[in-house]
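Q: Here's the letter readout for the chains.
Protein chains: 2
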Amino acid sequence: MFAHVISQLRLYQFQRICELKHNTKQMTSFILNFIGTSPTMNKKTSLKLFRAITQIFIQRNLNTANKPFKFPKFSVKNVTNTSQYLIIEENDNKSYEYPLIWLRDNCQCSSCFHKTSSSRTINWEKFSLNQNVRNLVHDQENRTINIEWDDDHKSEFDENWLIERNFSEENRVNYLNECYRPVKAPLWGKNDFDRILKTFDYEKVVGTDQGLFDWLDALSRNGIAIIRGTPLNRNECRRLADRVGFIRKTHYGEEFEVIAKEGTSNVAYLSSTLQLHTDLPYYEYKPGVNLLHCLVQSDSKGGHNQITDGFYVANLLKEEYPEYFKTLTSTLVNWSDIGEENGNKFHSIFRAPVIMLDYDQNFARINHSVPQRDSFFTVPLKNVNKWYEAMKMFVKLVHDETVVFKTQPGDILTFDNIRLIHGRTEYEDNTSNTRHIIGSYLDWDEIYSRLRVLRRNLKEKLR
Amino acid sequence: MFAHVISQLRLYQFQRICELKHNTKQMTSFILNFIGTSPTMNKKTSLKLFRAITQIFIQRNLNTANKPFKFPKFSVKNVTNTSQYLIIEENDNKSYEYPLIWLRDNCQCSSCFHKTSSSRTINWEKFSLNQNVRNLVHDQENRTINIEWDDDHKSEFDENWLIERNFSEENRVNYLNECYRPVKAPLWGKNDFDRILKTFDYEKVVGTDQGLFDWLDALSRNGIAIIRGTPLNRNECRRLADRVGFIRKTHYGEEFEVIAKEGTSNVAYLSSTLQLHTDLPYYEYKPGVNLLHCLVQSDSKGGHNQITDGFYVANLLKEEYPEYFKTLTSTLVNWSDIGEENGNKFHSIFRAPVIMLDYDQNFARINHSVPQRDSFFTVPLKNVNKWYEAMKMFVKLVHDETVVFKTQPGDILTFDNIRLIHGRTEYEDNTSNTRHIIGSYLDWDEIYSRLRVLRRNLKEKLR
Chain W
1 MFAHVISQLR
11 LYQFQRICEL
21 KHNTKQMTSF
31 ILNFIGTSPT
41 MNKKTSLKLF
51 RAITQIFIQR
61 NLNTANKPFK
71 FPKFSVKNVT
81 NTSQYLIIEE
91 NDNKSYEYPL
101 IWLRDNCQCS
111 SCFHKTSSSR
121 TINWEKFSLN
131 QNVRNLVHDQ
141 ENRTINIEWD
151 DDHKSEFDEN
161 WLIERNFSEE
171 NRVNYLNECY
181 RPVKAPLWGK
191 NDFDRILKTF
201 DYEKVVGTDQ
211 GLFDWLDALS
221 RNGIAIIRGT
231 PLNRNECRRL
241 ADRVGFIRKT
251 HYGEEFEVIA
261 KEGTSNVAYL
271 SSTLQLHTDL
281 PYYEYKPGVN
291 LLHCLVQSDS
301 KGGHNQITDG
311 FYVANLLKEE
321 YPEYFKTLTS
331 TLVNWSDIGE
341 ENGNKFHSIF
351 RAPVIMLDYD
361 QNFARINHSV
371 PQRDSFFTVP
381 LKNVNKWYEA
391 MKMFVKLVHD
401 ETVVFKTQPG
411 DILTFDNIRL
421 IHGRTEYEDN
431 TSNTRHIIGS
441 YLDWDEIYSR
451 LRVLRRNLKE
461 KLR
Chain A
1 MFAHVISQLR
11 LYQFQRICEL
21 KHNTKQMTSF
31 ILNFIGTSPT
41 MNKKTSLKLF
51 RAITQIFIQR
61 NLNTANKPFK
71 FPKFSVKNVT
81 NTSQYLIIEE
91 NDNKSYEYPL
101 IWLRDNCQCS
111 SCFHKTSSSR
121 TINWEKFSLN
131 QNVRNLVHDQ
141 ENRTINIEWD
151 DDHKSEFDEN
161 WLIERNFSEE
171 NRVNYLNECY
181 RPVKAPLWGK
191 NDFDRILKTF
201 DYEKVVGTDQ
211 GLFDWLDALS
221 RNGIAIIRGT
231 PLNRNECRRL
241 ADRVGFIRKT
251 HYGEEFEVIA
261 KEGTSNVAYL
271 SSTLQLHTDL
281 PYYEYKPGVN
291 LLHCLVQSDS
301 KGGHNQITDG
311 FYVANLLKEE
321 YPEYFKTLTS
331 TLVNWSDIGE
341 ENGNKFHSIF
351 RAPVIMLDYD
361 QNFARINHSV
371 PQRDSFFTVP
381 LKNVNKWYEA
391 MKMFVKLVHD
401 ETVVFKTQPG
411 DILTFDNIRL
421 IHGRTEYEDN
431 TSNTRHIIGS
441 YLDWDEIYSR
451 LRVLRRNLKE
461 KLR
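So the sequences go chain by chain: W and A. Using full-length UniProt numbering, the letters of the first sequence map in sequence onto residues 1 to 463. Using full-length UniProt numbering, the letters of the second sequence map in sequence onto residues 1 to 463.
Source of the hints: derived by calculation from the structure; they are not laboratory data. Just so you know, these numbers come straight off a predicted model, no measurement behind them. Do not take every clue at face value.
It does not matter which identical chain is meant; a pair holds if it fits inside one copy or across any two.
Here are the simulated lysine to any residue pairs, SDA-like style, with alpha carbons at most 25 Å apart [as the list claims (entries may be wrong)]: (1) Lys-154 with Lys-198; (2) Lys-184 with Met-356; (3) Lys-184 with Leu-454; (4) Lys-204 with Thr-407; (5) Lys-326 with Pro-353; (6) Lys-406 with Val-395; (7) Lys-204 with Lys-301; (8) Lys-261 with Leu-454; (9) Lys-345 with Val-79; (10) Lys-345 with Glu-254; (11) Lys-184 with Tyr-359; (12) Lys-115 with Lys-154; (13) Lys-190 with Ser-272; (14) Lys-204 with Ser-300; (15) Lys-382 with Gln-84; (16) Lys-459 with Ala-364.
So here's chain W without its partners, still in its complex pose (with noise of 0.2 Å):
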């Protein structure tokens, strides 16, 4: 039955489900409408089945991970116009409508579009809502669709672009998917660490691009992935955030080192416990990946990592305790540091809630750090107990799904700062062993810049 259900729901439509609902209910919802089993089953019934299905579908979505998107194949069959709209039909009866003033706003000639760098140039001061055409060719040996509009100007548009950029649902789900920013999923307890974490060879990744390529796949997709190999220099943290594009800079500079010091202005440079936090929330444009390169790791019984998925534990807390989740998604906290590096004073601040979601209300953000929370907490007095209650209820799920390992010399911890809670227990340093990590920040947006293009580079390598 299983293979029936899986031959029929198509990977995309999977992602979706992943992407905008991370909403148990409403995914099994989704899962039992679409192949039509009873609504009268049973919850345990259907969360049962759903559970399947996700496990069958997150394998699937790993191994199909790195397959690159084509667009679909297609031929256009027909091409007319309503006074607003222009209609395309394909050869197998899809058709797809597409504004005339967004045609006219994406004019691909010369005057209006700079090829060079990939820029619309069309004057927008004088951009005219009103837009007609006065006359319409399907040019079938070209495969262009050429319009004259009623102000004289020519445009003439490839009809690969044109289906590239179609409006349907499906392809505007499989562009953010594929073009914009690889689904975050699974989301992962503890359970399924052992299932997502994956490894990689410090040489292939910064020695080929299919080696960082796979590594920044599944960093985004997983929140987390260990580098393995990498020599014991200070300096390979910026040789592999160069691979990426640049370290991110931050008030502690653009690397920092963690090992024990008296006297600190960060609590990380201590050798006691560092309890489960996301770095720097102090920060409006809060660090995107941590980078952790274990030169000397511990003998001694403790310095282990500590990991939790924070948006796996945000929808536990979203399922089982709305009412908590409302509290952490609307309360903002000020989150703050007050030190000096380096002989500059810093007195950073931003204010924020524990759980941030986007404009799609999907997971955006995770904000958490006892140290760096700060005692002015600026919200009116009613809602001061009942964020304690939610928050506490937070730090126990954090807890729960707590996954705790040991990095070694070599390796370089990797993770999505944006999305995982982090900590290290406490050890001890002696003589002849001194516990040594040198950690640099890379942001997202530099990311998902170099993902793209090694996307298109592998793609085109295909061919």
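Use these hints to put chain A onto chain W, whose structure you have.
A: Chain A alone, transformed into the frame defined by chain W:
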């Protein structure tokens, strides 16, 4: 009559109105309520009154902008507690309530708080929601409030420390305006520009804390400031940025040269008209402030700077065309940049509306760029035409409110790239005159941090 009104309206209240409600009607209604004028006065009169008051307050706001914030003087008369709150009564009979759980969370003892790093270190995995006071003592000699909790833990709170963190609305508004971020006010139209534009002397800005503070404070409030008398060297933007924090790097590097060149990957490097736009809207982490150092200005008729306050225009749209405002705050546009710089290919995309709002529905960011708006428009077909209609009106208003000027060699034009929209008129180079600008970016995270540190330093000097 105005004098009477002004003496009653306290600055922080005005700032709050400016910050929370960029809405003429609500402001008018607030002020009318405040002074008790008949609410039956007609719209024209009420707007006239409102505008007159606003102008006087803008002036006062500017004049008092540099005054260091002082927490109110007080003296604690009585301290009690209920099962959930600590209550402090001042001698002037004001009283403040503090949630017990917040107090326990913010215990300042050395096991709960690490002073050197100003960081909370209390173990939140074991933190309890049930916090009960066993014994409460008001130590009037040391001006501390001492709590013994029923788990034997003891906390000592300084009276000042508590009063600074009181949960009253007045205190919260003060904190947000004075400690968090200066109010982005006044919003300004074309006719206000001469009044709000401030110029600063380069040597004072880079050489003195007061000069640096004055520039950054004006920049943060007005969104624009010009620094004059800068040496005609290529590295002065860097020197200026280093005074604040550090240059914000992008895929174009740390410094960019605006000098006409053919075959460029960015239309900004052409000498033709540069339409009104914000820089790099395709970055989720969009650079916060532009620094444009004029080394050589064009002798030709063109090369003028054009600037519009995007928040002012967004506010006009909100008041006059609420449906358009709704469309431009909710329709996600794909901003993108494809190109190559120094051998590094990039393909950046960020999806965001033209007008972005924050959690309090304040204006948070303007995205506008004809060249960098992607031809992929990933929205349902039915939303396309209405977006164009709204955008056309927005662009019209932007042009209506544009100011035009021409920086001179030695000027560094600095402006808020999150809020302001800028452009440049077409110009012509010739053999003896090649327009030459050096540009860099700063991020608001670093600017606000520097402002907080400077404010504290300057305040301490005044003591």
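Q: Against each hint, give a clear statement of whether it holds in the structure.
A: Against the structure, the hints:
1. Within a single copy, Lys-154 and Lys-198 get their C-alpha atoms no closer than 52 Å, and across copies no closer than 47 Å, so neither meets the 25 Å cut-off.
2. Taking the shortest Cα distances, Lys-184 and Met-356 sit within 25 Å of each other both inside one copy (15 Å) and across copies (24 Å).
3. For a Cα distance limit of 25 Å, the shortest separation of Lys-184 from Leu-454 inside one copy, 19 Å, qualifies, whereas the shortest one across copies, 41 Å, does not.
4. Taking the closest pair of Cα atoms, Lys-204 and Thr-407 come within 25 Å of each other only inside a single copy of the chain (19 Å); across copies the shortest separation is 50 Å, beyond that limit.
5. Taking the closest pair of Cα atoms, Lys-326 and Pro-353 come within 25 Å of each other both inside a single copy (10 Å) and across two copies (24 Å).
6. When the C-alpha separation of Lys-406 and Val-395 is checked against a cutoff of 25 Å, the pair qualifies only within one copy, where the shortest distance is 22 Å, while the shortest distance between copies is 55 Å.
7. In the homo-oligomer, the alpha carbons of Lys-204 and Lys-301 never lie at most 25 Å apart, since the shortest distance is 32 Å inside one protomer and 55 Å across protomers.
8. In this assembly of identical chains, Lys-261 and Leu-454 lie within 25 Å of each other by CA distance neither inside one copy nor across copies; the values are 41 Å within and 28 Å between.
9. Taking the shortest Cα distances, Lys-345 and Val-79 never come within 25 Å of each other, neither inside one copy (64 Å) nor across copies (36 Å).
10. Taking the shortest Cα distances, Lys-345 and Glu-254 sit within 25 Å of each other both inside one copy (16 Å) and across copies (22 Å).
11. Taking the shortest Cα distances, Lys-184 and Tyr-359 sit within 25 Å of each other both inside one copy (16 Å) and across copies (24 Å).
12. Taking the shortest Cα distances, Lys-115 and Lys-154 sit within 25 Å of each other inside one copy (17 Å), while across copies they are farther apart (70 Å).
13. In this homomeric assembly, Lys-190 and Ser-272 come within 25 Å of each other (Cα to Cα) only inside a single copy, at 24 Å, whereas the closest approach across copies is 57 Å.
14. For the homomeric pair Lys-204 and Ser-300, neither the shortest alpha-carbon distance inside one copy (32 Å) nor that between copies (54 Å) is at most 25 Å.
15. For a Cα distance limit of 25 Å, the shortest separation of Lys-382 from Gln-84 across copies, 11 Å, qualifies, whereas the shortest one inside one copy, 53 Å, does not.
16. Within a single copy, Lys-459 and Ala-364 get their C-alpha atoms no closer than 29 Å, and across copies no closer than 38 Å, so neither meets the 25 Å cut-off.
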